[in-house]
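Quick one: dock chain against chain with the hints and give me the complex.
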Amino acid sequence: MVNESNRLEAPLADPSRRRSVREDLRRIWNRRDFMLFAAGSDLRTQQMDTVLGNVWHVLNPLLQISVYFIVFGLILGTDRGVGNFLPFLAIGIFGFGYMRRVILGGAKSLYKNRGLIHSISAPRAIFPIAVMLTEAAAFGFPFMVMLVVAVVTGESVSLRWLILLPVFVLQSMFAVGMGFIAARITFYFRDFENILEFLFRMAFYFSGVLFLVDKFVRNPTARQIVDLNPLLDYISLYRWAVMDIPVGSRLVLSAIGWAIVAPVAGYLWFQRRERDYGRE
Amino acid sequence: MSRKGQRAIEVKNASVVYRVYHDHRLSLRERLTIGRRSRRFTAVHAVSDVSFSVKTGEVVGLIGSNGSGKSTLLSAIAGLQPLASGSIRVRGDATLLGVGAVLDAQLSGARNVMLGCLALGMPRDEANRRFDEIVDFAGLREAIDRPMRTYSSGMRSRLHFSVATSVNPDILLIDEVLAVGDRDFRRRSLKRITELQKNAKVVVLVTHGLHQVRKVCSRAIWLEQGRLMADGLPEDVLDQYVNFTGGADEDLDADD
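Protein sequence lines, in the order shown, are assigned to chains A and B. So the first sequence is numbered by my numbering: it starts at 1 and just counts up by one. So the second sequence is numbered by my numbering: it starts at 1 and just counts up by one.
The reader is advised that the hints may include incorrect statements.
[As the list claims (entries may be wrong)] Label-pair restraints from in silico Cβ distances:
hint, chain 1, residue 1, chain 2, residue 2, range
1, B, Glu30, A, Leu59, 43 to 49 Å
2, B, His22, A, Arg223, 41 to 47 Å
3, A, Gly53, B, Ser153, 27 to 33 Å
[As the list claims (entries may be wrong)] Simulated coverage check for chain A against chain B, where a stretch passes if three residues somewhere in it have a Cβ under 8 Å from a Cβ of chain B:
hint, region
4, 11 to 17
5, 20 to 33
6, 37 to 46
7, 120 to 133
Rather than coming from a laboratory, the hints here were simulated on the basis of the structure. For every residue, glycine included, the Cβ atom is placed at its ideal position computed from N, Cα and C.
Here chain B stands alone, though its shape is the one from the complex (with noise of 0.2 Å):
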């Protein structure tokens, strides 16, 4: 077990930049045809410049507009996403939880389990034994046995939540999953995620719920247009935000 305050993940000067090509990609005839010219792209910089480290125990809450930059931060942070400048570095391995992403959606979701668990590096017996704790967590007693296809997208979260939490991973990237579950579901995974936090583990949560950000947060970064707006506790940064979002919003806010 690490100690608490430990640094576990250090962003320094990180920038991404997307190309984003305005057509699709040239088949052979056009290229032949257009000559050599090369596609027509914009560099979109999704994540400029950004540094901070988080240490070990901290809950850290990503905000920000539509297109700011979390994201594409988060996978990088996992090593998805390569870097134009800057460097990141992890303590561990990093788990990346991702709206929509599926193991097997032709696999029942007892075998997506099975798999996920095994795919951590979970030995076979553990992932037996554990295996109705996980799905009893998720709440998919019922459809456990049907292929994951069948799945609404906030069922495959829950899954996909539920799995990635059991092997108490290092790291826990989280993108806004939280908000695709219910109201039950989103209370139980609040508490897990405090669980970690208390094993000195590392949550970082992109969402738009910014209740969910004071609740459960020990910090917050707030993120606009890939720059780094503000840092520090969940109140500062979450009034900042809300003065440049325009105001307070009661209805929005209380999101659960």
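Excised from the complex, chain A in its bound form (with noise of 0.2 Å):
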């Protein structure tokens, strides 16, 4: 049994009160085996009034490269400058799509959990963390598929590859630190789930997801900008890994910058307003 407040010695504090960072950390640790499981029970419910069940998670991701291949590959030819398209477009999208989810997850991680945020006395963080871990399981199967199609349409396994995984530590991070930040949002305004989609749809054309960016920045400064942007920088970072397209110092140093920044200031406010989160 875990015991968080030594009981004899804990003194007469109001239930409400806002816990220390040190203590909130201390009990989002002891719901480490809470945030699995629920990751692993998230996973296998999301597709299980489908036929299909689990085929989904890699039959959904193919699909998608297909239309988007289609589309922008085929149809407009956005595929400039780019050898090796559909690994490429792939990378893009599942990379994108991770973080997407991860942070409107978080956004909506709250109102989903009320059921056990009004009845139990846990750390509120746990929630967006554990959108996080369901996501980042999710996210083998299309991981997968990229490296499959990288593979089938001609690019060779190499050591780079072994970069994917911090590459993905350092995104899942930036995420879920924007996941806090986005739960704490739609808490108080319901109406940021939606505007989040439209900003993500937007993002989704302006990131580099599609096309490359350089071929349509050249602007110097402009670029600096480019490369300073989260979502694109891990997306960069895989598509280095896999298929060499060089990446330059400044976008490294914002995707670590971004992993480290996001998730700190990200819980932090947060946690500020964790007493509220158990309020109708």
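So this is what it looks like as structure tokens:
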């Protein structure tokens, strides 16, 4: 049994007080089994009512790239400057989709778990984190599809692939941080969920998911700004690992910077209002 | 383990005021056309200037008419309801059990048992080990693999109670959950409440089952329109309450 408040010594305290960050982090760590289990359960129920079940986890990404390949590769021809457009597209779409789902899922997580939140004194940060773990596990399928597409279309397996995992970790840290922020905003302002959907749709077209940014952005100042776009940073790093499309050091630093700043700032900002989240 | 008789809940001049809005949330269009006029609301004093304290090892029955502020007071003790004035302090963590509370309705009862235990901070292996005992106590062996949305409210409450009491909570706040369980379950749950009491935990029980209060509570608190009317031994408080509500009625009060 986890003894979170040493009962004999525990002082009388306001039950709605804001806990210290230290205490809160300890309580989150104590719930690690919960977060992993919740992630597994979610993954299981996502496709529970469908005939094909888990096949959709692979089928969905395949169908998605087919559509984009036909529209943007064959019809509109945005593939200029990209030798091997199919894996380029696959990495862009899946890498972007992962961040989108973690952040949107984070936005909904407080509302979705209100049953638990109303009855159990657990740190609320476990919910956006559990969403990230769920999506990280679900990302395994498209990740495989991505690599298979790359190899089938002529990319060779290389040592650079080893960088995929650390990039994924950085991307997850960034995404969960933004998930915290989205959760707090959505709690007070439910409309934000819709706004967020729109922002992602827009970002999808502006973040180089479908085209090589280098070929469209030539102005050096604009280029510097583009490099700081976290949505693009992680995708570019994946592309570098799998397709050897070069990235600059500024982009690498930006990717690392976002992965540190977003979760720290996001968590602290989320936790400041912790005690509100149980209220109707 | 804590000593008996240590102060565990301390409520000092607590007041909770709700704003009950007469109209729905204004849309942007209405806000623009009606102008800056704010929504009309009535301030409801759900809990007014209530003070009491509870020591470890006490089981308190919270009684009163519908809308008397019992549930509001309970969620304030759980830290879910902001106070307009006064203060509430508790020792340790409070777990609130309410009717109809669902962890995740799409998931099976079994997964909900696990989620509930883990969210309360139980390690995974302990949750696995105690799984059968929790399910058996809830009497849900047959239904445990069905999604929880197929459960009746009684079944949900049984599962919830069983999970919440399996971790030995410092303070257990029960909001009419026992009323929806069947007779057999009620008997078992009252027994478990007595066990918690022996372990120097605190249980606060909101109920209309006066018989339960007599049977299991060491103390009763009567709220009416948010005000504390009486606080003391169950028999004394219940007598006053029964007189207030129009005399004893054997058919109503002999609820189990």
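Quick rundown of the hints versus the structure:
1. Taken as a hint, the range 43 to 49 Å holds for the pair Glu30 (chain B) and Leu59 (chain A), whose Cβ atoms sit roughly 45 Å apart.
2. The hinted range of 41 to 47 Å is not satisfied by His22 (chain B) and Arg223 (chain A), whose Cβ atoms lie roughly 56 Å apart.
3. Judged by the Cβ atoms, the range 27 to 33 Å given for Gly53 (chain A) and Ser153 (chain B) holds: they are separated by roughly 31 Å.
4. For a cut-off of 8 Å, the count of residues in the region 11 to 17 of chain A with a CB near a CB of chain B stands at 7, and the three-residue condition holds.
5. Coverage of the region 20 to 33 of chain A by chain B holds. Counting CB-CB distances below 8 Å, 4 residues qualify, and the rule asks for three or more.
6. Counting residues of the region 37 to 46 of chain A whose beta carbon lies closer than 8 Å to any beta carbon of chain B gives 4, which reaches the threshold of three, so the coverage claim holds.
7. With a cut-off of 8 Å between beta carbons, the region 120 to 133 of chain A has 4 residues touching chain B; three or more are needed, and the interface restraint holds.
The structure fails to meet hint 2 from the earlier list, while all remaining hints are met.
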